[in-house]
Structures are given as structure tokens and as C-alpha cells.
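Protein chains in written order, with our numbering: chain A, 1 to 158; chain B, 1001 to 1765; chain C, 2001 to 2289.
A few of these clues could be false.
Straight line, CA to CA, 25 angstroms or less: simulated SDA-like cross-link-like pairs of lysine to any residue [said to hold, decoys possible]: (1) Lys1373(B) to Glu1164(B); (2) Lys2156(C) to Arg2144(C); (3) Lys1068(B) to Pro2043(C); (4) Lys2156(C) to Asp1692(B); (5) Lys1068(B) to Gln124(A); (6) Lys1373(B) to Ile1453(B); (7) Lys1068(B) to Lys2156(C).
By construction, these hints were calculated from the structure, which means they are not laboratory data. Owing to the predicted nature of the structure, the values given are computational and were not obtained by experimental measurement.
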Amino acid sequence: MSEIYTLHVNGRDHEVRDAWLGENLLYVLRERLGLMAAKGACEQGECGSCSVEVAGELVCACLVMAAAAIDEPIRTVEGLGDVPTDVQQAFVDTGAVQCGFCTPGLIVATHHLLDREPEPTELQIREELSGNVCRCTGYGRIIEAVQQVAVARRAATR
Amino acid sequence: MSLTDAITGTGHQGLGTSPTRPDGIAKVMGTFEFSGDLGGDGVLWGATLRSPHPHARIVRIDPSAAWKIDGVETVITADDVPGAMHYGLIAQDQPVFAADVVRYVGEPVAAVAADHPETCRRALDAIVVEYEVLEPVLDPDLVISGEAPSIHPAGNMLREQRIEHGDLDATGDVVVEATYDIGMQDQAFLGLEAALAIPDSGGGGVELHIATQWLHEDRGQIAACLGLPEEQVRLVLGGVGGAFGAREDISLQVHSCLLALRLGRPVRMQYTRAESFLGHVHRHPATIWMRHHATTDGQIVKIEARFVFDGGAYASTSSAVLLNAITHTQGPYRCPNALVEGYAVRTNHLPCGAMRGFGVVQACYAHESQMDKLAEACGIDPVEIRLRNAMRTGDEMITGQTMDSVAPVEECIRETVALPFPDEPVGGHDGDVMRLPGGAGRTADARHVVRGIGYGVAMKNLMYSEGFDDFSTARCRLAGGVATLKFATAEVGQGFVTLAGQIARTVLGVDEVVLDRIDTGVGSAGSTSASRQTWMSGGAVQAACVAVRDRLFEQLGREHGVDPALLTIDGRDVVDSTGTFRMPVVEATASVALDETAVYRHPTTEELDERGQGNCHVAFAFVAHRAVVDVDVDLGLVRVVQVATAQDVGRALNPVSLTGQIEGGIAQGLGLAVMEEIVQIDGVIRNASFTDYLLPTMLDMPPVVATVIEQPEPLSPLGAKGVGEPPCISVTPAIAAAIRDAVRQAGRTHRIDRVPVRPTDIIGL
Amino acid sequence: MPVVVPTSLADAVAAAGAAPDALLLAGGTDLMVEINERHRDLPWNDAAVISLNRVPELCSWTFDPDDRRLRLGAGVRWAEIERDPLRAMVPALAEAARTVGSPQIRNAGTVGGNLATCSPAGDGLPVLAALGAEVHLVSVDGRRSMPIGDFMVGVKRTALQPGELIESVTVPVLDGWQGYSKVGVRNAMVIATASACVVTDPPNRSVRIALGSVGPTILRCPEAEAHVTAAADWDSAAIDDATVTEAGRLAAATSRPIDDHRSSADYRRHAIGVMVQRLIRRAFPGGAS
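Bound conformation, chain A alone:
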């Protein structure tokens, strides 16, 4: 067993004790910190269900060695707050959610995308979210949700 390390998740410090070094960030978030929103579906960065932000970068938590993620801000869906964001609400409203397993990862990825590119083209949306696999929706409603948020944000800033 390893020693204690601390992760900064959603603005809070969390101590991790007695963890195996091979534990990835997804496992530690879920099983040690009780932050269950990020999901695991592939263990190799091919599905995006575990997308989180580490030091402001969108990454797959399953490919981050948790013990190496000390001293860096980590943001998960839980860090978006207790009230649905515009992105979260749009996903519900447009029918972008079916089984919902890919959804938390897509929510993080969509926020990340729109923070950096407020007016993405449809092709940009497709490329930037291509690492987030959804098996239920065929993506049509998801793209619709992202576009709705972009339009609404643009209108709000006018």
C-alpha cells in the first residue's frame, strides 16, 4: 500500500489513503471519494465516459494515474454545481439523454468545448466530441443540444 496523497477535486481537497498505485483517477474518484458521476466503459480512453478536466485539460480519468494527479485542479460533473447548467438542461430538453451512461462525460466535454469555442460549427462539434461514444442516440440530439446552448449563449451576450 502506498502513502497518503491529496487530490484537489471540484475545489476541495480529498485525502486518499492506502490506495494501490495502479488505481486510475476514475477508480479513485468513484470508489474512494464517492464521486460517482464519471463512468467507466472501456478502461482505455476509447469511450470518453470518464471525461474530466485535469489542470483545465479534458482527459479520460481512466488514463490518469490518480497518485500522479496531485496538486492539480480536477473538475468533474459534480463540480458544475447542484443546479443544472445550460448544457445539462439542454441535454434533457433535446432528448440527448437515453440510457445516460455517456452523459456525464459528454457534459464535461461539451462545457470544455464551449468554453474554448463558443460558436463551434457542426463539424467542430463532431470532431471535438468524437472521443465520447454514445451507443443509444446516434448523436443527433446531442449535437442539437450543443448547438442550442451555443445559440442561447450568443443571444444572451447580445
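Chains B and C: place on chain A using the hints.
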């Protein structure tokens, strides 16, 4: 009806509108609990030891080293199964743990429980299993010819069924034939198999939180294997991260309960992705030969066909899959004469069973490919030949059954054809490489690319067939203006939870609908399969709500001196048709507590006779697809540019959910058309990961242009047909046909008669 | 410390020297897959891991305008290489970067990780090979450099010694056309079935061709390179169709592909021929018949 027009409907959030999912907010906030999210302090992890061989005799299992590892709580094998040693949906031929022989790579041999998943992994590594490797049976043809040795006490033939209909000697002036291969597809739901088993504190029973498609069927099989009466096994639906057929069969249910009961402690199990590929059944790979006879003007005269389905090691639903396949030989077309033979066989490949559209997906690829060949042979347009043969209500099918369903095949075709084509030229307007086949790989320039167009049309049976006692149960309680619904219908993402509320609001005039926990505390709902829950559980919820409403009317009649027979719900009010009485439902139910349970059954069906004749199916739905693809014919790469579709839905009960089913089904059909295939070599799966089993991403899935045909189905309680399966069926042959069209335009003459269409198939290597 | 997280190159080198058998963790996109899939055994106790992604010297790049060489720190991520200003300097590497995994992978995965893993399918490697990259290694014993061709020893085998780190890779910034091509069955997030890179250097009258996923490691194509170099009209960037065809044939003949679950040797060889032809034609757009 254009779906995008209908999406704006709001109002009372009853049928025909698109209220948001009741679980939607929880899912976007990340608080929705999937079965893999269930754990807690002191809960042990379970894991499964699996066979590395496709066929071997187990000489010895020595778990002693595993027991010695710190943190390991127990190790169990076949010796520890107290009840039935085998389970199965139709035939109980699959061992809980292999005791003497393993029959596929991945077959469970033992299970462990420990304090950490990594401890489990080390424990599995420490279990010594000595195998005597046997020659695997991998060729279905050798099973059919009787040359393969039997690999199971029940034999290797899972089902053999013929259809003989009409004049078997009939011939046509035009004859086309080919043999088609369909690869093994994986359902690839994202939410991996997971369960939490909690033993009763008093001993004896167990509560299992499980992601499944059918709680009651699971319960029956689990209880039998545990040697417990069913009432001591309670199942609660854990959040289901997609299903698509892969959760019809038992996977980790019995193992997790055995571990929990053995230890008297809660145990959770969760498969890895690699394990998931081994742990559930797949879409049957199939080889289908078809010969179509037609008149020179393209009227089908006779179809001959031979279906060979590789069922893998255990029976699962193979017999039903084969039935669906052979009874859909003709597709949505009139066919007076047919001679069909079908085989589903056991091999040492991965077990196969249910996946969205089972049997029909395979048959449709073959019959639609045949329709294109027939069109070419007759010199007729591919759309025209389909219109000339389009089935109608009242037509007799090759099973002798009359098509009783609304059958708007011609409308599906015509509306699909009328949908707009994509406005982007090859390569798009902006020149981004992502618009070309190969995408970011920058393999092609626009001049290397040929655009092709293809069509597919499908017929799909709805609900369970062949005399199965198919029913669903629902309970409705109405009190204080709030309706509470209880059912065991597995919500797997499709949105029945949304629809149930819509039904209650429409029938009862309430605004607030509470959904009780989905568990075995009410009668069975049947499986979330076969496009059946809107019809079946929708029918049950409606019946329960109507029963409650009728009692409310009786009560109001007594209290207010009105004739209950004249009462009706108008929006949120109870009114009588003479206009003398009007009272808000909230007020009318303020002090009542009504509680009714209803069971819905569809009309009975019957088994096929030995000549394949019989009224085996309940009802049918239809769909047409048109695919536009860009093909790099020299590298064999494809980009699907657009899919257009018109679907026969009876009635669009929730247009947004319906759109989701259409688009999602198309994505899965696209996957089968161009990329998704489980590769087994010498009986060993070679691509059990999402790195190597490729699913369509957002860059692979094109825009869908969809329209629906709304002709309410009189047989259906809500007028709606099941909509889950049709979208994924004929899109696959449509894409394959579009690829063929491009290849033909490029001057190539080789045939492409398999899916997925691989680069080598396009090039002709 | 459970994981050593040095924040300077000196500390990183010292840590690697103190624990020569430590696992070196950069972006994690290869190593963590191996750990997650239990292909690499990490003991419960005493596992030594050195995380390199917070070493500023490794995570930065510099351009020397005098000799027009770009030094990419081993920890530079694909997401950065994909975009300007690096894209303008090494466009083929940027094209390869865009094909690496998903956006999430490109945000984490590094050029040094690609080198260290040394998969024949490593997307950056054909480009680095075609550019004639130099790999620079550092350890407590000092520094050494070698051509990438010497660094890549075999399938997932490199010249990296225990205790040694990849410090950087240097490549020339050229004026000529360069491009990367990669075949996979999906339009994004796919492992290369076969890949190729063509780099031209008109002032030096040089063409370099490198192939991925068709041999134990990246293959250069000297015959095809010589054929194109000799036949090209360098002043007008033109080449005749016969030369293009022959270049593809020679490159395909150089490839040594295998059959596996991802594809067949025949397809890979065929794809190399087609891709190299197309890349050469893009490099020399004139002269097509």
C-alpha cells in the same frame, strides 16, 4: 409527419407530446445510479475466472493459492452451486460454472470475492485450472452435415426449421442468387454488466440490484440455480446503461448471489469491457443463401433460401432468432411461393442470442441485397422494384399467416425517396478533410471519391411469437390528484418511464405522476425486447389507469348523481358528456385512494408446423432507408453522408423519444454495415476492446433525415407500433447498397455480399 | 511519495537515476492502458513511478532560427502539436497529431510517449522518421543523441536504457511540402492499419518516405525516395504519373506487413502503395496527365 415539427408539442404532456425524461436531470447531473454505481462500505468485489480455451476438459481446479491471498474472502466453483447447475432463456443448457467441459473462450469456471478489484484479479491468477484441450467445433456446416462431434449432451443442432409455401416447383423468368455473410456484432452497451447482491440478514434470501431487460425471467433462473423459492429472491432494477438484447441472458446474476449468500455479506460485481465481450451473447453471425425467381417485370414468383446461424456454445435465444430470420425471408414484399431451410447450430464460438432486430437484421441484409440484384437483372430501378412488390395489409405471408397489421410499405418507400438529399458535394463546401472518407487520416482527395446511393426496406415482427404467453403487468394508484405507477418494465434508456407518465396523464387527467421503484414487487412486465414495451407495458399501464378511472367515475357517479358511463376526462377535468358536471381531477381525487393492477396480453400466436406454416407472429412494423455514401474505391474507405428514413410507427406517442430510437438504431445499423465485427480466430476473440471493436463516433454518424408514417394500428392498445428495432434493420443493406453503387460507378464488377463491408471487400482484394 | 513528481529536469534525471527501474509516466495514455488491462504488473508495495508531465523543460519546445531546427520536449502534447504555431513548422506532424486517438487522448498523450512506446502504429513516428529526427536522451551519466532510426529497435523496443529519459526530439523545419496519411476503418479515433509520411526538401532536392504499421518498426523507403528524387522536376514541383505509380509500387514492396485481426498483409501493402502515390502527387501537383 416531420419529426422536427412535432417536437415542439407541450401542453398537458400527455400522449403525442414530448415531455422530458423523469430521470433526465439525474442523468445529466451524474446522480442517477447505474448498477455499477452501487456499492458502499464493506461491500466486497466479485470476479469471474474464465476459460482461455474454446473447447477443453477440466482436469483439475486448485484454488488453494487464491485462498491464501490477503483480502480474498471466498472462491467458488461448480461444486458450490446449490440448485440447478444450468440456466438459459429457452433451454437450460448453460452451466453456472463449467464443471467438466468448457465450450467457449470466456466460459466461467470459478468466481472469487475479495476486498479490492486488484485483489480479485490476483486471486483469479492464482487459481490453477488444468485443462485437457479438445478440438473445437467451429464450422457450422460440419454440424449440419453431421460430421462434427457433439460438444454438448443436448447435441449441436439448436434448431432446424423449414418453410414450404405455395408451389415449390414454380420458377421465374429472372433468377438471381447469392450467398451472404453477416458478421458477429456486439451490442456494446456502455454500462458494463454490474450487480449488487445483498443477502438477507435473517439468512436464506437475497436482494439483487441488477441491470437487466427482464427482472422476472432473471429471478426464475437465479432462484432455480440458488435452490431457493422465487419469493426469497428479490430483484431491483439497477440503472441500466443500455441493453440492446445483451441483457436478456444471465451473466453475473447467479455468481454475485452465490458469493453474497456464501459470505453473508453484500457483493458487487462489474465486468471489464474485455470481459463484457465474453460475458454476454452477441448477434448471430450468419450465412444466408437466397435465390429469387421473378417475372421479367420484377414480380417475385418464388424465393428459395437457406439460413445458417452460428449460435455459439449455448442455446440462448437461437431458436427464436432463427424463427425470426426464416419468417422474414420475403421481407416486406409479396411472395406466393417459398422454400426455406434454416439451421441454428452449436459451435465452440462465443454464444449468440439477442441483439436489436435479431434474425431480421440478417435476413434483411440478404433479401434487400437480392432485391437490388433482381432490379439490375430486370433492368428496373431499385426503388421501383420494391414498390411493385410492396406488401399490403391482407396479403398472405410465406408462413400462411395473413398480414393483419397496418402495412404502409409503399408509403414508407415513397416518403423516403421524397426526402431531400444532402446539399454538400463530395468533400463538402469547406474542404475539411473530415468530410472525406478516411477523415483525419487525409487519405483521399475529393477526386478519389465516388458517391453512391442505396435503399433498404424492412418488415419486423413485434413482440414475442410462437405461442409464447406474452404479457405485462402494471399497477396504478390514484390519490390526492397524484397517480403512482408501479411496473417491472426494465427501463434501459428507451424512455418507457417517460411514456408511462404520458399515458397516466392522458387517461387520468392528472399532472403529477410518480413512478414507483422498478422491481419484482409487482407482476412481470415481460422483457424490454422485441419492440414490445410500448405496446405491452404501455397497454398494461393504460389498462391499470383505465381501471382506476372507471372506479373514480363510479364513485363520482354515486356522490354527484351522474351517470358514470357518461363521464370522461377532458384535459385535467372530469366531465360528463351532457355538460352538467365538471370537476378538476385534483379535486375529485382529493380524498380517494384507488388502486388497480392490470395485466395486458396480446392476441395469441402459434408455433410453426413442420412445413413452417402457422400464425406465429402478432404484428409487424415497416421501415425504409436511403443511404448516401462517399467511397474511396482505391483504399476501400467509406463515409456515410446521410441516411433518410420513413418509419411506420402507428402513432408517434413521444416524438423526441421516437427520434432518439430512429437515430440511435441507424447508428447501430451503420456500425454493422461498415465497422462492427467481433473477430474470432480459431475460436478465440481477437478484438475484445473498444480499441479494436470499433463503434461509430460522432464523425462516423451522418445527419439523419426522418419522417414517420402515422397510421394508428387497430390491434395496438395505444395505436402505436414498437419503434425500437426497425431503425437498425434496413439501414445496413441500404448502406451496403450505396457502397456497391459507388463501386459499380467506379467500373468495378466484383460482388460485395457481406457485412460489415471491409476495405478489402470494396477494393476486391 | 507514492509517485515521484519532479518539477525540474534535474530532479527528474536524479529520480530516474535513483530508481532506474521506475515506471516513467508521461501522458499515461499508453502506460495506464497497460496497467488497467493488467498487461503490466504493478506491485502492491514499492512500485516506483516517476511522473514526467510537470517538468517544464520536457513540456516545452524551442525553435532555433539559425539552423532552422525545432526542439520538441518529450512532454509536448499532441493537442499542442496539432495547432499553430507548431502546425506551421511541422505540418505533417500536426496532421499525424490530429489522428492520435480522441481529443482527450491528444490532450494527454505526448510525443515522447509515442517514441517510448515505439508501437509500429505510433502515429507520430513515421513523420519523425521522414523528417530525420534526432532523439535526445538524458540520464545521470549525461546526454546522448541518436537518429530516430537507431532509437527504434523493434516492436515496442527502443534504445532507451534503465535510468534514462527521453529529453527531446529535434526535427528540421523545412520549406517543402510534407504530409501524412493514415488508413483506419473509422474516421476518427482509430489505430493505424497502415500509415505513410512524405517529406520533401526542395532546396536539398530530397524526398523522404516513411511507413507505419507495416513492419516491426517504422520503415523508410530508400528506393522509392531515390526514384522520386531523381525523376521529379523540382523547379515546377511536377512529376509524371509513371513515377508516381512506381513510387507507390516501390514503397509497397518495402513494406513488411502482417495479417492480424485489424487487417490483412495484402491490404496493408496495397494501402501503402495508394497512400504513397497520393502523397507524392500532393507533393508534386504538376505533371499529372
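Hints, verified against the model:
1. Lys1373(B) to Glu1164(B): holds, 24 angstroms
2. Lys2156(C) to Arg2144(C): The given pair, whose Cα atoms are some 20 angstroms apart, holds under the 25 angstroms limit.
3. Lys1068(B) to Pro2043(C): holds, 17 angstroms
4. Lys2156(C) to Asp1692(B): Within the cut-off at roughly 18 angstroms; holds.
5. Lys1068(B) to Gln124(A): violated, 54 angstroms
6. Lys1373(B) to Ile1453(B): holds, 15 angstroms
7. Lys1068(B) to Lys2156(C): violated, 36 angstroms
Checked against the numbered hints above, the structure violates hints 5, 7; every other hint is satisfied.
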